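Asker: Line by line, the protein sequences give chains C and B.
The first sequence: position 180 = 180 (our numbering), numbered continuously.
The second sequence: position 161 = 458 (our numbering), numbered continuously.
Just to be clear, a hint being listed does not mean it is correct.
With a straight-line cut-off of 25 Å between C-alpha atoms, the simulated BS3-like cross-links for lysine-lysine are [as the list claims (entries may be wrong)]:
hint	chain 1	residue 1	chain 2	residue 2
1	B	457	C	45
2	B	390	C	23
3	C	51	C	207
Treat the hints as calculated values from the structure; they're not laboratory data.
None of these values were measured; they are calculated from a predicted model.
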Amino acid sequence: MALSEAPIGQPARYGEVFDRGYKHYDGPQLGRGAAAWALVRYSAKRALGIKKSWTAKIIPILLYVAAAFPVILVVGITAFAPNAEVWDYADFFIFTFVIEGLFVATIAPEMVCGDRRENVLPLYFSRAITRLDYLLAKLVATALLTLTISFIPAFLLWLFLQLLADAPLSAMGDNLDDLARVAVAGGLIALYLGAIGLMISSFTGRKSVAVAVIVVAFLITQALGVALFEAVDRGSAYHDYLVFLSAGQTTIGLVGALWPDSDIDLSELALWTYVAVMLVVVAICCLVMLWRYVPDE
Amino acid sequence: MIAVDERTIAAPMSVVPEVAPPPVVEARGLEKRYGRHLALDRLDLTIPRASVGLLGANGAGKTTLLRLLLGLAKPSAGQASVLGFDTRHQGIKIRERVGYMPESDCLPPGTTAADFVGHMAEMSGLPSRAARQRAADVLYQVGLDEERYRLIKGFSTGMKQRVKLAQAIVHDPDLVFLDEPTNGMDPQGREDMLDLIARIHRNLGIAVVVSSHILEDIERVCQHVVILSGGRLVVSQPIGDLGDDGGNLLVRLDGDPGPFVARLTAAGLHVRPSEDDDVWGELVIRRDGDHVYDAIRDAAADLDLPLRSLRSRSRSLEDVYLGNVGVENGTGGASDGAV
Numbered sequence: 001m002a003l004s005e006a007p008i009g010q011p012a013r014y015g016e017v018f019d020r021g022y023k024h025y026d027g028p029q030l031g032r033g034a035a036a037w038a039l040v041r042y043s044a045k046r047a048l049g050i051k052k053s054w055t056a057k058i059i060p061i062l063l064y065v066a067a068a069f070p071v072i073l074v075v076g077i078t079a080f081a082p083n084a085e086v087w088d089y090a091d092f093f094i095f096t097f098v099i100e101g102l103f104v105a106t107i108a109p110e111m112v113c114g115d116r117r118e119n120v121l122p123l124y125f126s127r128a129i130t131r132l133d134y135l136l137a138k139l140v141a142t143a144l145l146t147l148t149i150s151f152i153p154a155f156l157l158w159l160f161l162q163l164l165a166d167a168p169l170s171a172m173g174d175n176l177d178d179l180a181r182v183a184v185a186g187g188l189i190a191l192y193l194g195a196i197g198l199m200i201s202s203f204t205g206r207k208s209v210a211v212a213v214i215v216v217a218f219l220i221t222q223a224l225g226v227a228l229f230e231a232v233d234r235g236s237a238y239h240d241y242l243v244f245l246s247a248g249q250t251t252i253g254l255v256g257a258l259w260p261d262s263d264i265d266l267s268e269l270a271l272w273t274y275v276a277v278m279l280v281v282v283a284i285c286c287l288v289m290l291w292r293y294v295p296d297e
Numbered sequence: 298m299i300a301v302d303e304r305t306i307a308a309p310m311s312v313v314p315e316v317a318p319p320p321v322v323e324a325r326g327l328e329k330r331y332g333r334h335l336a337l338d339r340l341d342l343t344i345p346r347a348s349v350g351l352l353g354a355n356g357a358g359k360t361t362l363l364r365l366l367l368g369l370a371k372p373s374a375g376q377a378s379v380l381g382f383d384t385r386h387q388g389i390k391i392r393e394r395v396g397y398m399p400e401s402d403c404l405p406p407g408t409t410a411a412d413f414v415g416h417m418a419e420m421s422g423l424p425s426r427a428a429r430q431r432a433a434d435v436l437y438q439v440g441l442d443e444e445r446y447r448l449i450k451g452f453s454t455g456m457k458q459r460v461k462l463a464q465a466i467v468h469d470p471d472l473v474f475l476d477e478p479t480n481g482m483d484p485q486g487r488e489d490m491l492d493l494i495a496r497i498h499r500n501l502g503i504a505v506v507v508s509s510h511i512l513e514d515i516e517r518v519c520q521h522v523v524i525l526s527g528g529r530l531v532v533s534q535p536i537g538d539l540g541d542d543g544g545n546l547l548v549r550l551d552g553d554p555g556p557f558v559a560r561l562t563a564a565g566l567h568v569r570p571s572e573d574d575d576v577w578g579e580l581v582i583r584r585d586g587d588h589v590y591d592a593i594r595d596a597a598a599d600l601d602l603p604l605r606s607l608r609s610r611s612r613s614l615e616d617v618y619l620g621n622v623g624v625e626n627g628t629g630g631a632s633d634g635a636v
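Chain C with its partners taken away, still in its complex shape (with noise of 0.2 Å):
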């Protein structure tokens, strides 16, 4: 069939064929930034299961629904007995730390097994960003996903609570330390855990292995500092230091110095060390990966 010339301002006979020819692209390159923000967007489409299968959805849409659940649940009991005993900030966070790492377990793989074992990474390599820009956007993208879970349902209780009040415009005013409270919570787990997550995928292709490995990782890290943290003296000058052990003691740990007053008795540490030490870990998790994706030279 010949092909004819597309026409320009009249218009085309039905059915009629034009060869569409290539254009060259004129527009804007955005560059090494852009490229790199397209890569967290797409890889947290990805991992939220967002143009694959339904099967893939229904882990992440679980995990959020189980998220969701403490904050209808502490609410409800709210409006309708607002002086009953329900759960504090510290106690939602304990409980939700449970559902984050899930979250991890299940996302962190999707984000970075698939990569390597479909050999994707090449193609990565060979466009407009490096191999930390590729370590860093999965990272960023692992912690806003995290993110969505460790404090949007945890503002989401702040806000109803909030609106629950006599004076909700004034209440809000009164308890924004709590709100900022909940945002270095909900910010700190999340690149946190998302950290831990990575690294521990960047060992594998297999994203099975992979959820398995963390979630093991997480529950015998969690057995041992809790049986050591119990076993060694509590006057010793590191005892409180036990709680770096494990991923769970130590989110619980900043919960608890986040909201002195709250049940949680764990350590006598500041703010700060919970911090630094938490940070400490997100750069060692970052170096590790970037051994992992060193080219051999």
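Using the hints, position chain B against chain C.
Answerer: Showing chain B alone in chain C's frame:
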């Protein structure tokens, strides 16, 4: 009123001599070591803006050269530039303007071709909307218009190769590196892929470097050939120039060539039988000057031997390859077209 592009009418009337476009790749003393292994050995190379074949056996240094040119590895010594950018310090700039099609299977099976190619366009810095548009355009160009919303896992090897090609050109690069583009393809798929590659340079104006170990593919689609052996450059020249083997003539006679050979040898010419087993009795005569033609004519006439053919001998890429790499590797045997 008809608008006339001044460049269109100026070109034929211009007396300014045609200036060759700048080369896309230049390397000087390029060296790459992996521990004790020398992968590239002081490579001096200029690749013109054309369709260029990069030939060499496995381990010849082709992939190492591509990695260095993409700025993905640092050279141990020497320097190279791609499109005028230094590979050591301007890798990002290079990769913004260069496309790369790896040899290996590198496509995520659970993604549609349109999604993946669009994502790769965004990874080259294109805005989201432009990336989707470009993905649709290039998938049309490589013949996957209808299949672009199908998952890649349902694609044949040929279709996957087309997706790989599409992602390499989706950001409209000035230069594209294709690593073994016909790998694993059936004959028809290979033909189609070679046609596509030829079109990329001819119609789309993109310089192409095809790394391959299949001589026929290079001979068919490339204008220039670079041959590596053991990490060293052994040939870099236009394919058209390969045909002249330095001035040998091929002569076929009816009857016994013995007296004819004796007569020419006595006249001081260099004569030997052809190595081509398919043409019995063919002689190779070195062309030392125009007097050789007269000597052949006179000898044939005096001996009353019918002269069946007299032609210049042209060399194939395989001859050139075996003449250089075969000697380098200590082999000179027949080849089946793949090295």
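Asker: Could you run down the list of hints and mark each one as holding or not?
Answerer: Hint check results:
Taking the CA atoms of residue 457 of chain B and residue 45 of chain C, the gap is about 23 Å. The hint holds against a cut of 25 Å. Restraint check for residue 390 of chain B and residue 23 of chain C: satisfied, since their Cα atoms lie roughly 22 Å apart, inside the 25 Å limit. Our distance criterion of 25 Å between C-alpha atoms is met by residue 51 of chain C and residue 207 of chain C, whose separation comes to about 18 Å.
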